[in-house]
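Asker: Sequence:
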Amino acid sequence: DTSGLRMRLAHTEAESRAATPPPPPPPEPPLAAVPAALPDPATIPPREWLYGTRLIRRFVSVLAAPGGVGKSALALAQAVAVASGRPILNERVHHSVPVWVMNLEDPQEEQDRRVAALMQLHAVPRDALAGRLFLHSGRSRRLTMAALDETQAIVHPDAAAVAAACRARGIGLVVVDPFVKSHRLDENSNAQMDAAATAWAEIAEATGAAILLVHHVRKGASADVDAARGAKSLTDAARSAALLAPMTAEEAEHLSVPAAERWRYVRLDDAKANLAPRADNARWFRLETVSLGNATEAYPSGDAVAAIAAWKPPSPLRGMTAADCNRALDLIAAGPGEGVAYSAHRTGRASQDGKGERWAGRVLVRQFGLDDNEAARVIAAWLKSGLLAEAPYHDGKQRKTRLGVRVIDARRPTGSNHDRSNA
Numbered sequence: 001d002t003s004g005l006r007m008r009l010a011h012t013e014a015e016s017r018a019a020t021p022p023p024p025p026p027p028e029p030p031l032a033a034v035p036a037a038l039p040d041p042a043t044i045p046p047r048e049w050l051y052g053t054r055l056i057r058r059f060v061s062v063l064a065a066p067g068g069v070g071k072s073a074l075a076l077a078q079a080v081a082v083a084s085g086r087p088i089l090n091e092r093v094h095h096s097v098p099v100w101v102m103n104l105e106d107p108q109e110e111q112d113r114r115v116a117a118l119m120q121l122h123a124v125p126r127d128a129l130a131g132r133l134f135l136h137s138g139r140s141r142r143l144t145m146a147a148l149d150e151t152q153a154i155v156h157p158d159a160a161a162v163a164a165a166c167r168a169r170g171i172g173l174v175v176v177d178p179f180v181k182s183h184r185l186d187e188n189s190n191a192q193m194d195a196a197a198t199a200w201a202e203i204a205e206a207t208g209a210a211i212l213l214v215h216h217v218r219k220g221a222s223a224d225v226d227a228a229r230g231a232k233s234l235t236d237a238a239r240s241a242a243l244l245a246p247m248t249a250e251e252a253e254h255l256s257v258p259a260a261e262r263w264r265y266v267r268l269d270d271a272k273a274n275l276a277p278r279a280d281n282a283r284w285f286r287l288e289t290v291s292l293g294n295a296t297e298a299y300p301s302g303d304a305v306a307a308i309a310a311w312k313p314p315s316p317l318r319g320m321t322a323a324d325c326n327r328a329l330d331l332i333a334a335g336p337g338e339g340v341a342y343s344a345h346r347t348g349r350a351s352q353d354g355k356g357e358r359w360a361g362r363v364l365v366r367q368f369g370l371d372d373n374e375a376a377r378v379i380a381a382w383l384k385s386g387l388l389a390e391a392p393y394h395d396g397k398q399r400k401t402r403l404g405v406r407v408i409d410a411r412r413p414t415g416s417n418h419d420r421s422n423a
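Residue 376 in the UniProt record's numbering sits at position 376 of the sequence shown, with consecutive numbering throughout.
Mixed in with the good hints, there may be bad ones.
Stated by the list, open to error - Pair ranges (Cβ atoms, derived):
(1) Arg366 to Ser291: 51 to 59 Å
(2) Ser301 to Leu403: 45 to 53 Å
(3) Ala380 to Arg167: 31 to 39 Å
(4) Ala380 to Gln152: 53 to 61 Å
(5) Pro27 to Asn188: 32 to 40 Å
(6) Thr289 to Ala206: 35 to 43 Å
Hints are computed from structural coordinates only; laboratory data are not their basis. Even glycine gets a Cβ: it sits at the ideal position worked out from N, Cα and C.
Working from the sequences, and respecting the hints, build out all of it.
Answerer: So this is what it looks like as structure tokens:
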């Protein structure tokens, strides 16, 4: 029985490897206090960002999300962007480098489907990725970056092999999906999780690559690094952490997304950014369904695969002219009544003379037929852009100082169409 013989030989080889102790680590250099060099700031090399301010050479980043949200789709899209040098998710690719995606759950052919769907959706040609995108399946070969040996000491069986493979291919980004499958340690032990995270940080330092660890969050957790499942040591070791979350029912209503389509939309929040300021606004993505066109007689429909794309909530004022917007601004500037200014917030009460609510968004509801949520988005955008400003004024009828909005004429839109960046 040749198959039985092969299994026995493989088992014997595995036992032999397990019995062979790892080489001792190199001795640490002498410890000494080194004077600060204090170089001219202009001569200090800039940080080696690869992708936006999320992925950086020689550091670990974490992408966390609940199950089924789309974190694998997002991580793979970021990998394709970096490998191809194309900003397919509207995030800047500073340097295009070879990328190694280590998917430790799915078979190789499933990864092929997902890459094909991304290439089709974003029109990425084959030659942009050939020889630059490398895929590994945990179904074919398990990965163990950290584990306990028979004495309960932490060992790193595959660390040297991963580093060698990265150097051989010039890998600049390693995506590990999911992180939990890359080690055999207890997630709830800070010491053990620190060892697992440190193993990847040492790969980053030794190879100069950026490392992206895809991780799970606790169900129902908020957008905070503490939501990552298991011990905090992983997120503490990361220099950048982002959380992907599904669109809530409230967000869908606010952004005018149909309830039946809400599952397609996810938001990315910066949960931790040690090396760069956090982004002010969440970024949105939409999960698209891509048909691969691989129908066969047995499977006449072929495969439909999810692929992710950047999404920006449409402006409620799209298609409206600058003249339309300026008419609304004139009404806001005039106020809801004599001596009364509009409020920037929906909490603004009706004016004392009964001429209408003080909320400035009510003007947009009347003028353009927007709903309250759309009007609130426009007012918020105009405040942020400086087109509107809040300022105190004296309400003579109520004999007190109140806060109202005023129109900044220098910021008014000009031309045939309203500047969409203002809304």
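Asker: Against this structure, judge whether each hint is valid.
Answerer: The hints, checked one at a time:
1. Distance hint for Arg366 and Ser291: a CB-CB separation of about 44 Å, inconsistent with the stated range 51 to 59 Å.
2. Judged by the Cβ atoms, the range 45 to 53 Å given for Ser301 and Leu403 is violated: they are separated by roughly 59 Å.
3. A C-beta distance of roughly 50 Å is found between Ala380 and Arg167, which places it outside the suggested range of 31 to 39 Å.
4. For the pair Ala380 and Gln152, the supplied restraint of 53 to 61 Å holds, since their beta-carbon distance comes to about 56 Å.
5. The hinted window of 32 to 40 Å between Pro27 and Asn188 holds, with their beta carbons roughly 33 Å apart.
6. The given range of 35 to 43 Å is respected by Thr289 and Ala206, whose C-beta atoms sit roughly 40 Å from each other.
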